[in-house]
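K.L.:
Below, each chain spelled out in residue letters.
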Amino acid sequence: MARKPENPIFLERERYRMRRLMDAARLAPVLAAFLFLLPLMWSASEAVKTASVLVYLFAAWGLLTAVTAFLSRKLHKIPRDKWQERP
Amino acid sequence: MGMLNVLVTVSLAYVTFLFMVAFFADRAAARGRSKWLQSPLIYTLSLSIYCTAWTFYGAVGYAARSGVEFLTIYLGPSIVMIGWWLILRKLVRIGRSQRVTSIADLISSRFGKSNSLAVVVTVIAVVGTTPYIALQLQSVTLALDAFAGEEVTPSVGPSATALWLAVGLALFTVLFGTRNLDANERHDGVVMAIAVEAVVKLVALVAVGLFVIWGIGGGIGPTMERISQSEIARWDVSAGRWMGLMFLSSAALLTLPRMFQVMVVENEDERHLATASWAFPAYLLLMSLFVVPIAVLGLEYMPDGANPDLFVLTLPLAEGRNTLAMLSFLGGFSSATSMVIVAAIALSTMVSNHIVMPIWLSTQGSTAMVAGDVRHVVLLSRRLSIMGVLTLGYLYHHTTGGGEALASIGLISFAGVAQTLPALLGGIFWRGATRVGALMGMVVGFVLWAYTLFMPSFGPEVFMSETFLREGPFGWGWLRPEALFGIASSDPVVHSVVWSMSLNTFTFFIFSLISFPTPLERLQGAQFVNVFDHSARPGSWSRGLAEAEDLLVMAQRILGPSEAQSLFRSEAVSQGITGYLPETTPEFLQRLEREMAGSVGAATAHAMVGQILGRASVTVEDLMAVADETAQIMEYSNQLEAKSAELTRTARQLRAANEKLTQMSVQKDAFLSQISHELRTPMTSIRAFSEILRDGGLDDAALAKYAGIIHDEAIRLTRLLDDLLDLSVLENGQVSLNERVGKIGDVLNQAVAAAGIENSRLRVVRSKVREDLMIYTDLDRLSQVFINLISNALKYCDAARPRLEVSIRDLGDTLAIDFIDNGSGIPMASQDVIFEKFSRVGSDQAAGGAGLGLAICREIMHRLGGTVSYLPGQGGGAFRVILPVTVVRSGR
Amino acid sequence: MGKRVLLIEDEPNIIEAISFILSRDGWDVDTHANGIDAVDKVIARQPDLVILDVMLPGRSGFDILRDLRAHDGTAALPVLMLTARGQTKDRETAKALGVSRFMTKPFSNAEVLESVRSLANGVEAPQ
Numbered sequence: 001m002a003r004k005p006e007n008p009i010f011l012e013r014e015r016y017r018m019r020r021l022m023d024a025a026r027l028a029p030v031l032a033a034f035l036f037l038l039p040l041m042w043s044a045s046e047a048v049k050t051a052s053v054l055v056y057l058f059a060a061w062g063l064l065t066a067v068t069a070f071l072s073r074k075l076h077k078i079p080r081d082k083w084q085e086r087p
Numbered sequence: 001m002g003m004l005n006v007l008v009t010v011s012l013a014y015v016t017f018l019f020m021v022a023f024f025a026d027r028a029a030a031r032g033r034s035k036w037l038q039s040p041l042i043y044t045l046s047l048s049i050y051c052t053a054w055t056f057y058g059a060v061g062y063a064a065r066s067g068v069e070f071l072t073i074y075l076g077p078s079i080v081m082i083g084w085w086l087i088l089r090k091l092v093r094i095g096r097s098q099r100v101t102s103i104a105d106l107i108s109s110r111f112g113k114s115n116s117l118a119v120v121v122t123v124i125a126v127v128g129t130t131p132y133i134a135l136q137l138q139s140v141t142l143a144l145d146a147f148a149g150e151e152v153t154p155s156v157g158p159s160a161t162a163l164w165l166a167v168g169l170a171l172f173t174v175l176f177g178t179r180n181l182d183a184n185e186r187h188d189g190v191v192m193a194i195a196v197e198a199v200v201k202l203v204a205l206v207a208v209g210l211f212v213i214w215g216i217g218g219g220i221g222p223t224m225e226r227i228s229q230s231e232i233a234r235w236d237v238s239a240g241r242w243m244g245l246m247f248l249s250s251a252a253l254l255t256l257p258r259m260f261q262v263m264v265v266e267n268e269d270e271r272h273l274a275t276a277s278w279a280f281p282a283y284l285l286l287m288s289l290f291v292v293p294i295a296v297l298g299l300e301y302m303p304d305g306a307n308p309d310l311f312v313l314t315l316p317l318a319e320g321r322n323t324l325a326m327l328s329f330l331g332g333f334s335s336a337t338s339m340v341i342v343a344a345i346a347l348s349t350m351v352s353n354h355i356v357m358p359i360w361l362s363t364q365g366s367t368a369m370v371a372g373d374v375r376h377v378v379l380l381s382r383r384l385s386i387m388g389v390l391t392l393g394y395l396y397h398h399t400t401g402g403g404e405a406l407a408s409i410g411l412i413s414f415a416g417v418a419q420t421l422p423a424l425l426g427g428i429f430w431r432g433a434t435r436v437g438a439l440m441g442m443v444v445g446f447v448l449w450a451y452t453l454f455m456p457s458f459g460p461e462v463f464m465s466e467t468f469l470r471e472g473p474f475g476w477g478w479l480r481p482e483a484l485f486g487i488a489s490s491d492p493v494v495h496s497v498v499w500s501m502s503l504n505t506f507t508f509f510i511f512s513l514i515s516f517p518t519p520l521e522r523l524q525g526a527q528f529v530n531v532f533d534h535s536a537r538p539g540s541w542s543r544g545l546a547e548a549e550d551l552l553v554m555a556q557r558i559l560g561p562s563e564a565q566s567l568f569r570s571e572a573v574s575q576g577i578t579g580y581l582p583e584t585t586p587e588f589l590q591r592l593e594r595e596m597a598g599s600v601g602a603a604t605a606h607a608m609v610g611q612i613l614g615r616a617s618v619t620v621e622d623l624m625a626v627a628d629e630t631a632q633i634m635e636y637s638n639q640l641e642a643k644s645a646e647l648t649r650t651a652r653q654l655r656a657a658n659e660k661l662t663q664m665s666v667q668k669d670a671f672l673s674q675i676s677h678e679l680r681t682p683m684t685s686i687r688a689f690s691e692i693l694r695d696g697g698l699d700d701a702a703l704a705k706y707a708g709i710i711h712d713e714a715i716r717l718t719r720l721l722d723d724l725l726d727l728s729v730l731e732n733g734q735v736s737l738n739e740r741v742g743k744i745g746d747v748l749n750q751a752v753a754a755a756g757i758e759n760s761r762l763r764v765v766r767s768k769v770r771e772d773l774m775i776y777t778d779l780d781r782l783s784q785v786f787i788n789l790i791s792n793a794l795k796y797c798d799a800a801r802p803r804l805e806v807s808i809r810d811l812g813d814t815l816a817i818d819f820i821d822n823g824s825g826i827p828m829a830s831q832d833v834i835f836e837k838f839s840r841v842g843s844d845q846a847a848g849g850a851g852l853g854l855a856i857c858r859e860i861m862h863r864l865g866g867t868v869s870y871l872p873g874q875g876g877g878a879f880r881v882i883l884p885v886t887v888v889r890s891g892r
Numbered sequence: 001m002g003k004r005v006l007l008i009e010d011e012p013n014i015i016e017a018i019s020f021i022l023s024r025d026g027w028d029v030d031t032h033a034n035g036i037d038a039v040d041k042v043i044a045r046q047p048d049l050v051i052l053d054v055m056l057p058g059r060s061g062f063d064i065l066r067d068l069r070a071h072d073g074t075a076a077l078p079v080l081m082l083t084a085r086g087q088t089k090d091r092e093t094a095k096a097l098g099v100s101r102f103m104t105k106p107f108s109n110a111e112v113l114e115s116v117r118s119l120a121n122g123v124e125a126p127q
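Protein chains in written order, with full-length UniProt numbering: chain A, 1 to 87; chain B, 1 to 892; chain C, 1 to 127.
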């Protein structure tokens, strides 16, 4: 970290953000699994059509891709040797 | 007929184009201009080999049969990619830090570099992938048939098409997959070609999709309406299949050999994964977006009985869109070929490293390590393995004759390779996982898979009889392949996956718990699980046992001479030692082993180093180092680690400096007495004979003889004084260099002429490569160095037919001129002192000279900004002169 | 009468010079050019006097001298040592080992001749 030592609060905050970002990255697949399994709950209902499930799944898929892109780009900016930091 | 001809022409042109792409990408990489080749985009596109012809043609067929269910195959991998931070990042880091060559290598390396484990994984991979390769061959054949349609079927039958395709793919894979002599280099050409194919298949599928929605369907709204009217309008999916297939495809992304190849082995930079984490799901999304519309409109427009697996092709064809159909064909062709190429590379690496090479090594006996150039054997074995893999795929296609729905073969294959998942994940997340557990788990899983899914999939009477399938072996109903323990499932795939994966995992856990790992397993386990705490890298070899020179000789055979030398050199430099032979610290041995693992696999590399060290396992002390919790805590602190490394280095340097000082004081005394001896000896002869002459009374012959002796000794004395003066001037830096431009070959010519070898038996062999390089330096001084080295060979080379090889190498920022003779070389103990003044190896005073030659050479090279050093491990006396490249100009 | 001198020295020109000087004076000169089997040679030839160089290929003159003094047949044999190193330390070493006379190269021919004569005639006893 090339930050000046006279601003330690900022550095702490930075590191805190980094950690939470990693947490989010860990939770992303759980969210994905949840969203992709959700349609199973609708099976019972007669009214549900393939077309609407398709729209839902592609929308969820697109959303997850966007979230992952956001997280990855943030994590990408962290120096790689900090990647190994544990929570 | 015309249509088919055009298609064949276009395909051939496309193949030629791919060859060129691969060729130029390889060339660009070889010239170091590969920055854009190694972009995250290329990495993401290379991952798209997940989408094979099974996706390109099969997804639509799947959707036409089972509706939305086809999506699970793409949602599963998306979850894994979105969760890259958890698993993939660790896999890639381990792959890179351990120089893993395949999934078999990774699992074998984790569990104590066990080759039996690697063999099991390799067998699973080959059995699981062969049907998949056959599937690709079949899809291209079917697509071609669809084009031929009712036209006269040409004399080239479908099987012949598959044969020619297999031959072409083998050629491409051998050419670009095993091109580099350095077997562990990444395949830039192949990766570039499959990236191009990835774009082609995406564009093709999207183009067909757009055409179907707007060209036939009448826009988005009406198309959605048609979907709701179609046979697959109802959301009716089995929860078991939905979850099971999503799990299966997630597992496949991690365990398919070809995916492991592009994702881990070919990975250039860990950060590419960050981009692929969202870009690859996006790619999959685009590939799946139009599948349902195409399926629905295909069902509506195509005649009953038309193969839904080919709608992507036949729909545009039926609408008369021949260009679009051709594009679609190329998309399918791309999907099929890229999968086969990468799968062949991945499988051949495994087969070669874990089956062929160990067998070859054992036939060579224990001296094999240093017997020849292993690299050629490795390459040959990989090439043969590639051909073997493709032959298997072709034979499978030929014997089964195709016909099955594409999707089912794909799923069977997925379920097969997924059997390595528990060992893989257990290995990288659980330190308690053991080799026995992994082995038992995989064997149980593989057997169950073969019994419940793979063998029944061939239908009755191939592997299992009708009664066997219906009533079980010996009429034992609870062992019916498709209803184990009497639990009949409507779906054989889910049935098989549930049983094989759960019993696999269960066995893996139980045997891991009750077995005890070997020390090496525990070491590797710690390294894999704690890969991100890079300090936790306990040594696995005790120091001091290995002869550095033997290791260098072996490493040269496997890595190639210049790579091995620069590895040894850099290690020596980091240890603060000059020369090519570092101390054989555990860290260095581990590094060496990893480098070699990149060429021959971890198990083989370990065995080879073990052979040189004279032992093949880890000692109790090493184990203690791992088990010792205190050591663990210390290892976690990077700072401490860095400091202790620093201390070790400083201590080593101090020790060396101290030794040097002691040596210098001894040397100073020795130097004075040497000088005295060297000056007094000729003096003695001169004085004695001049007194004899003075006494008189000699005949003419004696007179002439004795005068001659006085003359010779006076010259010897003068030469010695000249040398001493020269050395003193050089050492004090008072020398003025006469720098000019000249051809290096001319300097060598001059040196060979002046070294006085014309009446001797010494033969100087020069490789003329690079001899026309122009250099800018003091040519006379350089020539003096060359003369010295040549006359050294003349004096000391003790071979029956003495021979000196002079070759020039380009080391990047320096130029090396090697002088290697075929004598017995200089013993290890003397290699350090030969450049000291008055040092003569052995007692051979008769060789003449005062032992100042090499000392002068060293000083001259120092002045010229280069070095001269002894090159160990070349099988004879070998000296290397290094000139800095700043004084080298490449001329016309 | 031809008393026998064994010259152990490796420089061909010095061998030539000493042989010439001594032969001219009537000595029977035998030469040997390396250190390894010098002691065996002395024992086999039983010369009246040995001229020994210090820096010999294979084995140093000091070691040879030590062996000669330790062997019954040669313990009292007159040994004239020649060295080109000329350090006082070497002279002391040679004395301690029981050399009969020690000379530094380059030497005067007359001096060598005189030393050989007096040693061989027992004028100067071994120390």
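Incorrect hints may appear among the rest.
[To be verified] Using 30 Å as the maximum straight-line C-alpha spacing, the simulated DSSO-like pairs for lysine-lysine come out as follows:
id: 1; chain 1: A; residue 1: Lys-77; chain 2: B; residue 2: Lys-90
id: 2; chain 1: A; residue 1: Lys-74; chain 2: B; residue 2: Lys-90
id: 3; chain 1: C; residue 1: Lys-95; chain 2: B; residue 2: Lys-705
id: 4; chain 1: C; residue 1: Lys-41; chain 2: C; residue 2: Lys-89
id: 5; chain 1: C; residue 1: Lys-95; chain 2: C; residue 2: Lys-3
id: 6; chain 1: C; residue 1: Lys-41; chain 2: B; residue 2: Lys-795
id: 7; chain 1: B; residue 1: Lys-837; chain 2: C; residue 2: Lys-41
id: 8; chain 1: C; residue 1: Lys-41; chain 2: B; residue 2: Lys-660
id: 9; chain 1: B; residue 1: Lys-660; chain 2: B; residue 2: Lys-837
Please keep in mind that the hints were generated in silico from the structure rather than gathered at the bench.
K.L.:
Now tell me, hint by hint, if it's right for this structure.
P.N.:
How the hints compare with the structure:
Simply put, Lys-77/A and Lys-90/B have alpha-carbon atoms about 18 Å apart, close enough for the 30 Å limit, and the pair holds. Restraint check: the Cα-Cα separation between Lys-74/A and Lys-90/B comes to about 19 Å, which is no more than 30 Å; the hinted pair holds. Between the alpha carbons of Lys-95/C and Lys-705/B the distance comes to roughly 37 Å, so the proposed pair goes past 30 Å and is violated. With a C-alpha separation of about 28 Å, the suggested pairing of Lys-41/C with Lys-89/C holds against the 30 Å cut-off.
At roughly 25 Å between alpha-carbon atoms, Lys-95/C and Lys-3/C fall within 30 Å of each other, so this suggested pair holds. Of the pairs offered as hints, the one joining Lys-41/C and Lys-795/B holds, with about 29 Å between alpha carbons and a cut-off of 30 Å not exceeded. Between Lys-837/B and Lys-41/C the CA atoms are separated by roughly 33 Å; this puts the pair beyond 30 Å, and the hint is violated. About 40 Å separates the Cα atoms of Lys-41/C and Lys-660/B, which puts this hinted pair outside 30 Å; it is violated.
Under the criterion of a C-alpha separation no larger than 30 Å, the hint pairing Lys-660/B with Lys-837/B is consistent with the structure, at around 15 Å.
The structure fails to meet hints 3, 7 and 8 from the earlier list, while all remaining hints are met.
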